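Trainee: Residue numbers (my numbering), protein chains in the order written: chain B, 1233 to 1483; chain S, 1233 to 1483; chain W, 1233 to 1483; chain X, 1233 to 1483; chain H, 1233 to 1483; chain V, 1233 to 1483; chain L, 1233 to 1483; chain A, 1233 to 1483.
Calculated from the structure, these hints are not laboratory results. Errors might be hidden in some of the hints.
Going by beta-carbon spacing under 8 Å, a handful of chain S positions derived as facing chain X [stated by the list, open to error]:
| hint | residue |
| --- | --- |
| 1 | L1293 |
| 2 | G1294 |
| 3 | G1447 |
| 4 | L1451 |
| 5 | N1466 |
| 6 | I1467 |
| 7 | D1468 |
| 8 | N1469 |
Given the structure is predicted, the values throughout are model-derived calculations rather than measurements. Each residue gets a CB set at the ideal place from its N, CA and C atoms; glycine is no exception.
8 protein chains.
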Amino acid sequence: MSPDEIRILLDQVREGTRPTAEAHRALVAALRAAPLGDLGFAKVDHHRATRQGFPEVVLGLGKTPDQIASIAAAIAGRGHPLLVTRADEAAWQAVHALLPEAEYHQQARAITLKREVPRGRGAVAVASAGTSDIPVAEEAAITAELMGNDVVRLYDVGVAGIHRILRERERLESARVIVVVAGMEGALPSVVAGMVDVPVIAVPTSVGYGASFGGIAALLGMLNSCANGVSVVNIDNGFGAGCIASMINHL
Amino acid sequence: MSPDEIRILLDQVREGTRPTAEAHRALVAALRAAPLGDLGFAKVDHHRATRQGFPEVVLGLGKTPDQIASIAAAIAGRGHPLLVTRADEAAWQAVHALLPEAEYHQQARAITLKREVPRGRGAVAVASAGTSDIPVAEEAAITAELMGNDVVRLYDVGVAGIHRILRERERLESARVIVVVAGMEGALPSVVAGMVDVPVIAVPTSVGYGASFGGIAALLGMLNSCANGVSVVNIDNGFGAGCIASMINHL
Amino acid sequence: MSPDEIRILLDQVREGTRPTAEAHRALVAALRAAPLGDLGFAKVDHHRATRQGFPEVVLGLGKTPDQIASIAAAIAGRGHPLLVTRADEAAWQAVHALLPEAEYHQQARAITLKREVPRGRGAVAVASAGTSDIPVAEEAAITAELMGNDVVRLYDVGVAGIHRILRERERLESARVIVVVAGMEGALPSVVAGMVDVPVIAVPTSVGYGASFGGIAALLGMLNSCANGVSVVNIDNGFGAGCIASMINHL
Amino acid sequence: MSPDEIRILLDQVREGTRPTAEAHRALVAALRAAPLGDLGFAKVDHHRATRQGFPEVVLGLGKTPDQIASIAAAIAGRGHPLLVTRADEAAWQAVHALLPEAEYHQQARAITLKREVPRGRGAVAVASAGTSDIPVAEEAAITAELMGNDVVRLYDVGVAGIHRILRERERLESARVIVVVAGMEGALPSVVAGMVDVPVIAVPTSVGYGASFGGIAALLGMLNSCANGVSVVNIDNGFGAGCIASMINHL
Amino acid sequence: MSPDEIRILLDQVREGTRPTAEAHRALVAALRAAPLGDLGFAKVDHHRATRQGFPEVVLGLGKTPDQIASIAAAIAGRGHPLLVTRADEAAWQAVHALLPEAEYHQQARAITLKREVPRGRGAVAVASAGTSDIPVAEEAAITAELMGNDVVRLYDVGVAGIHRILRERERLESARVIVVVAGMEGALPSVVAGMVDVPVIAVPTSVGYGASFGGIAALLGMLNSCANGVSVVNIDNGFGAGCIASMINHL
Amino acid sequence: MSPDEIRILLDQVREGTRPTAEAHRALVAALRAAPLGDLGFAKVDHHRATRQGFPEVVLGLGKTPDQIASIAAAIAGRGHPLLVTRADEAAWQAVHALLPEAEYHQQARAITLKREVPRGRGAVAVASAGTSDIPVAEEAAITAELMGNDVVRLYDVGVAGIHRILRERERLESARVIVVVAGMEGALPSVVAGMVDVPVIAVPTSVGYGASFGGIAALLGMLNSCANGVSVVNIDNGFGAGCIASMINHL
Amino acid sequence: MSPDEIRILLDQVREGTRPTAEAHRALVAALRAAPLGDLGFAKVDHHRATRQGFPEVVLGLGKTPDQIASIAAAIAGRGHPLLVTRADEAAWQAVHALLPEAEYHQQARAITLKREVPRGRGAVAVASAGTSDIPVAEEAAITAELMGNDVVRLYDVGVAGIHRILRERERLESARVIVVVAGMEGALPSVVAGMVDVPVIAVPTSVGYGASFGGIAALLGMLNSCANGVSVVNIDNGFGAGCIASMINHL
Amino acid sequence: MSPDEIRILLDQVREGTRPTAEAHRALVAALRAAPLGDLGFAKVDHHRATRQGFPEVVLGLGKTPDQIASIAAAIAGRGHPLLVTRADEAAWQAVHALLPEAEYHQQARAITLKREVPRGRGAVAVASAGTSDIPVAEEAAITAELMGNDVVRLYDVGVAGIHRILRERERLESARVIVVVAGMEGALPSVVAGMVDVPVIAVPTSVGYGASFGGIAALLGMLNSCANGVSVVNIDNGFGAGCIASMINHL
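With the hints as constraints, model all of the structure from the sequences given.
Mentor: Now the structure itself:
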């Protein structure tokens, strides 16, 4: 029952053209059955998209190029920014054919289509330990950029040569939130969090072999960080980290 | 806004003692903010309790005897059946002082207070492999009984002496649903499910040592059952199994 | 020794054409060696197939197309419904050549051949969280349909947008048993079980990456469900869940 | 070489009472050996403490009451806010004897001593699933309060009765960051994150039994959350979550 | 239906005092319902006990002293050898009061009561790596002795001083089957199996700390043995190994 | 120093052609440096091969066809029986070219070349649960046959249809040792061991999916067997089981 | 601020051409901001490379042939020794085209380019258990050789034939440090460490199947070694072990 | 056969008082049966003890105070240094009563009795991350000291305040080998190994909670270290690390 329908009903009651008992029954039924969507949930989704520049995200993993392309076209048609993660070359070809203005980020395996979105208040820093961690770091960086954030990239600053990250102290301190990406022992987030006083989002990667167990070693290292301010997302989840960083930077 | 309040509001609108615009505002707000409980969820809970004899359950684990006793008294005060699981002697003393009519089931470590509830349509069978599995089996059996089911107990029928369970075929076939409780290798549910054509709810127990890993071996065995009709609940979760069995038996 | 053979023997004894001692020896031996199949087990299998429409199921995993096709043809020859799970395109081609009336369900990777079977009493609902969970959900749905159940499909109702499942309350309540399929964190069964009072069969899927560990995260989530009425089957075991749901719906 | 020592050296050079070559040698050596502490790191620590009201935290686990009390007295002596986590009754007695103005929070097992600290900009919400999760939730809430944040507590809003959390939508939306505490299947953070557009810090708890594996099930569930905006801290790490939430709320 | 009953029935048929049809019905029913016990299974149990001296074993774990004592007395009453494993001092006191002729083996935590049993054909060797492994080794040795085997004990012959086991080659070669007990890395069975050509039963123990994970390291080491002839039982399962060794030695 | 050399030396000492002191030095040195091979270890290897018909085994996994073929030819050249496990079609072609009298067992992926070897005393039974377990069962059976044992095969006797294994009781009892192969929940060895009184060698297979974890579920089930007489080998290690069974059967 | 700049500043102070206060400010700022690199860290790296012959190592895993080749050429251009690990045939072709003097070690999958480097003081022994462990052993050996060490190779000396390693005692004792490579149960390091009194670096390999879990069994075995002097590196990390052995041998 | 016995035999042969054939038989038998201890292994043990000051170590875990004391007295009686690890107060009292000159190290839970032993060539550094790691670090330090090494202790230098370890660069560089002890994420060894060019022995500790899993997180972090020169020992194995460090320092 829409606000307009309620108004009409009330007018009828006031005018005596509709029995009170019947109006009562209709209103009680409407209250009971109130579709949840009307309670604001769908609006939250919409609100978020327009205020924060939150793109609609397509996880490319396990979808065919055709499926990805048609979803992407639908999103672009609504005027929203677009992000496809875990997109391979074939997916990119399919999307490119429908959306020539989209871009492909090969290292990050991401397809984007930028739109004007609200800007974050400061910068998001993205640091990564080794060169093999860069694809995940780029997924985080591209996600944050698409959502309206300035991104400072600090790559190849792993703890085995501790001077590399120490040299970047000023750039780290310039950020409002820092995404730290590392595989193997996953020690970089602890070191970074000890140098700054902003939140650190740690992303373990599946980089490594043997007892790295596809990223478990790095994940456990980060969950057990002895430094304050470190929270963790799933292994290789650059998108998730970029998204949280953007949320924080838009506060 | 309760049905009575809506009736008063409509009367006021009809009588002209309340402006339509104000009534409209109040009704739209009520619709938007409709407490979910009014949408039927709380009623579902209530409905379930009165129709199925579903007791309100208190997980005794990690609560003090005083806390358990006061919750139990509150439930009993509403006229509902009562079930406290994982209740030790001290909890029982505390509950007994407030509710003299309650019963304590030592093996199952459960406190119950029976009420008249709707009866299930057939019997629930509860089978267990070894004597050490009996406490969990009893938790399932007592739960099912409290919820209004006839329970057939088949204890100490583990697969190492296969003739023991084979002898019970008729009693197994007399049930509408079977709870099978086993630790160690957890093989009994597969054998039982191969003998009957009703659903089998498998309960792994933490009985065993070494590579039983506190019930993981039995849990994995049951999840990988080669027989049709086996679903599984958490380790030592006799209550959960008894509850599902009762749901099925009340269909 | 078949009933007919016993009759002949008794006739011979009565007529005196066979010595009592010899007949005695033969009967005692028959009792001792009574093939178990004669004790009713094989009949149970047969009974189940004819009364419930229980198909003979072929797990396609690890069989060659030729093996699958010849088993399928044998089953169809007995007039039973047929279900091949985990069947790829090649298996389908081989089966199709022998059984032109069989059907292939691409998403569920299942081959079916329907027969007249006893109908379940109500509906089986199959809900799934994400689009990637649909193949497993379809395996469950097709299994249940083949076994004579009406199936209500509720796809893409994951908990990240909680209003999606809330909107489906009525359709959920219309079912006698609900199969809930989810990967990643596997939270949907808890939410669904809190909304209804019928049994929920939870199916974890291997959908996800990183710390989903091929479905372990979802499996553990479901086993630890805080809601009553949830039991769990193996990862990706849509068939198992559909089969249990059908058993319950035929009670 | 302190700033004062440099000044004296420069005066000597200017006055000609110290040879330039010798002064040069001393300065170059000082530069090379510059103790890292002078480079600002220790100051960062100090800066953080005075600007954010960041308390010095003592992890009580594995320390004797005497050790805890003497560390606590030292911190209080510096005028900083104090937080002792995982403090049992004995530790509290020892601290109380030295610091009569300290407070003990029994559920959270935390000792605090408040000081005037900079206030966060909005509110921190702390939601928890079950009553057994409250100690961890309280650790988070008390941490955030001590660091200068208004805290909104939403307890016992687990997903098995989904209407409980839905009812709290307005209070959730009033927060700038939300800490969500849950054991068992750990599904609450996904549901909350789908309802709001602020960061969610998820805290798995060791509440549960059997296949909860001391919190692993909840941890995995949270890491695999299908909702955007969820990052995770260690099992039972209420302090860590409260600390990150405060950092975000002070941005 | 017993052989005697069948004889009477046949006599009646022959004499015409019982209708063939009725006799037919009775015999078919008897065949169908043949209690499994009559098929020889229970006899197997009995046969084993009397031929091999196989004791009836009571797993003391999780039973009260009174329960253990009454079961033990019942077994002794049947004239069978008795073995109680995992029996603490209190259990021993309770058994001793009822069965003064029983013995307690403190290291092995086992209670035994010997009987005349068939002797094994050769010797069983029991080797253990470290002094902490001796309780499990003793459980194996006592089990084998009680079952009628000569036992050769070779203790403290771990691989870190490889000359210790090499010196025992002759005694190892004198055995028909060898039980090898080891914790930590569990390497001893591989070395022993490479020195002899009889079966080796490997028993991992929970001796160790840290990454021994309560015996998992030793268990995995033994399962992956590069030597031929090694099979493995559960962690700390000295009884199981002794029992298998006796079976082999009685062949 | 060979026996002949010692004889010459002693002759020289007796004849006085060699100084005692020098002979003493030579003998003491020889004792100290005694090559281990001379102590009988290598002979043990040889002894085993000739007395038991123990083949020299080549694990084909991770070797090129050429490597396998040349090793196989070398073994055959010594007149020993040959067994290549995990051999694919290409390996077979390469071996066949050099050893035309060798045989290929496709299901077991094994190449054999038989020789006259000592016969075992009784039969080895090999039972397997499902059709997918047959390759591993065949590896065990072929290994045992090659080592001189009569093998009784009992395939497709899994516990989901318990009558199948019960029907085979006589054939099981005819064996001196039983290899039981099963994947999924791995329950068959417990049932078999409860039916017989000879040793059971359990072989878990990697057959299954999801929570079977590549055979871990079956492995744990077998290690936790509640039946006496079960020992376990590595996942899919048919060869190992066949080899142990042969050892036992040759005692 | 470079030494020269400090000298100029001091001259200006002495000459009175620069105010002391300003010079003071500049020096204090320089001290605070002293780039960490000036503190000697980068020099350490350089020093190590030239003194120890420490090669710059390229982990080939996850890099394209072109990437590997261009990095390799850059390293070679600096005159340093070169080591590319985990290099396949394609990578070798690409490197060979740019650096014709490089060598490819097929078994070790390593590319090297030797340079004159400081020699270690003694020998490094590399022992391996089975033939399948040789690739990892070769990676260790080649690493050590490239870093200036004499390497003694002892391959195929696994514990199943214990005489093989015992025969090598003298060669083992000739080394200053021993790398021991083993898969499956990983027992060889314990045996070797019990025979010598020099450090043993244990390398678990992923050789094995089933419950070897890709090297976990061997890893755990080595971590739990009962022998003194054993430390462990990651699974298959031959490079790491060779590198540590060289460090020790250069002390 | 001892050297003296050989001399007598040779004299008898030379004198003709013993037949050559009989002497031959005796010598060949002696060679074959040469007890391994005579081959030098026991001497190696002795050699190690006297040359390196290697103490005989008693692992106190799982031994009674009386057992520990009598073993300790026996060792001290041989004049060797003594080390008892994992010794509680009761063990210390028992040892102290017999060996008044022994010392107890409360934090390290170690009992020592020093003797004159060969000195290592340089210093051993022992660094630890947090105060809770000190007991394990002390076990390493005391072990190294007892074995004749100068020990440099660097405690509380964890990576969360990276300046703490950076300040200690000179002291780290002064050591020939460094033991690094850390719990939680275990990142310190990577940072240290990147700062020096000597071997780093990493010791994970069980310090932490939740997802530290009793030291597994730290263990995995160290095994996956991205820095060169790190090898790892078992969780909490301070003794093992101190022992290896001493071996290296005595080279």
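Trainee: Quick one: which hint numbers does this structure break? Sort them smallest to largest.
Mentor: none
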